[in-house]
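A.B. asks: Each chain is listed here by its residues.
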Amino acid sequence: MNQPNLPEQHTSESLSRLLNQVAQKDKHAFSVLYEATHRKLFGVVYRILKHQALSEEILQEVYLKIWDKASSYSASVASPMTWMITIARNRTIDEVRRNQIPSSEEDVDFDAIPDDSMMPDETFYKSRELVKLEACLDGLDSPRAEMIKAAYLEGLSRQELAEHFHQPIGTIKTWLHRSIKQLQGCMTL
Amino acid sequence: MNKDDEVNINLQAAEYVLGTLDKAERAFVENARLNRPELQQAINQWQGYFSGLNDYSTEATPRSELFNDILAKLDQQDSNLESTPNITTAMAADNIIDLQSIRRKLKRWRLIAISTSAIAACLAVFMVVKPPVTLNGQSNAPFVAVFQADDSQPAFIMSLDINTQQLTVRPVMAQEQAGKTYQLWIKSDDIGPAPKSLGLLTNVSAPIQKRIGYEAGVIRNATFGISVEPMGGSPTGSPTGPAIHGKLYPTAL
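Chains as they are written, first to last, in our numbering: chain A, 102 to 290; chain B, 1340 to 1592.
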């Protein structure tokens, strides 16, 4: 299971146990879970919103949802971090789409979007999931891998992708659909 | 499901997970996933496929008191959901001493409370304030409570609109304490023998508004208090820590 950037003392297993305890409404376990995960989740939310106060508001809602939904967590579907990050991303994307606001107050720095060739191996641990996905993204025509990463990490809509890649929105939609079909074939290999 | 359906479901699911769908399309998928297991399964699959990108999200730090705010909201939810009194301990109830007799001696102040602790073991003191018996024509007047840390310095001021059940607690001189948090309580025989939490007062730098989920009649005869508790609130469900003193004032005579 994917285990991105967690403190050393926590594993998928320990986080799963904490989620089980949270499902029993154990506030101490909830505080331990928060301490172990909130920086990562806040990083996900803030990267999309780039607004401290709004990101904090959303993070509150995310953890309230984690509290409410912990009993529905299934380790057979996703790792604890993937499950919690999914909740955080969904709530954040809902926020930017629902309010029709730009996904960030700042222009996206495309130089900052992860580029495999720029990342020294010794400074960045790649999960098996990322290694596999990037192997498949490498098979996409340029700049579609960059587009996929920008959409996922920065929360860009099709319209925003069109503006950033200087393409008609129809072209972006075509790029997305072709990329998805290609990734689907590659990821199931 | 034919091949085209399968392709469309995959596209919908992948774009939903990527976040590129617009508002209406997202709403459609959110609704459809509830009734279409194949769509839910595809969403789960794409969440797994893209989860590796989470490695790229770097950590960031929200304000330090955010978790207390989350706990306060949970506490508020619990408070609102409470329909029957909890089983409580006599020890907690004994923390509150109603000083009605003192209150009656004060002509100008119709709201009084003082408390002292009966828990000798921890020398805890739980502060209480109690609204007065409401006179005719004054039922709509808001009440104001002053919670004093000592004889001269108010720690909190609380205004209470009984009709709307709206409480506003404004910290004045209250200071945040490392590893501690303030907790607001209500005590009334109508809701049980022991105090009930009204939530944490986590951010002492700004006014805190709370809506009390009790009837006006209950509130009118209730006592209120603020205690100092461990981070996250009282571990027992009743006030455990030391408290500050306070007095209640009517805004109309």
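Source of the hints: derived by calculation from the structure; they are not laboratory data. For glycine and all other residues, C-beta sits at the position ideal for the given N, C-alpha and C. There could be a bad hint or two in this list.
[Said to hold, decoys possible] Derived list of chain A stretches under chain B, where covered just means 3 residues or more per stretch with a C-beta under 8 Å from a C-beta of chain B: (1) 111-125; (2) 153-160; (3) 233-243.
[To be verified] Only pairs whose alpha carbons sit at most 30 Å apart, straight line, appear in this in silico DSSO-like list of lysine-lysine: (4) A:Lys170 / B:Lys1342; (5) A:Lys128 / B:Lys1412; (6) B:Lys1342 / A:Lys128; (7) A:Lys274 / B:Lys1342; (8) A:Lys166 / B:Lys1362; (9) A:Lys128 / B:Lys1362; (10) B:Lys1362 / A:Lys274; (11) A:Lys233 / B:Lys1519; (12) A:Lys151 / B:Lys1342.
A.B. asks: Find the hints from earlier in the document that the structure breaks and name them by number, from lowest to highest.
C.D. replies: 1, 4, 6, 9, 11, 12
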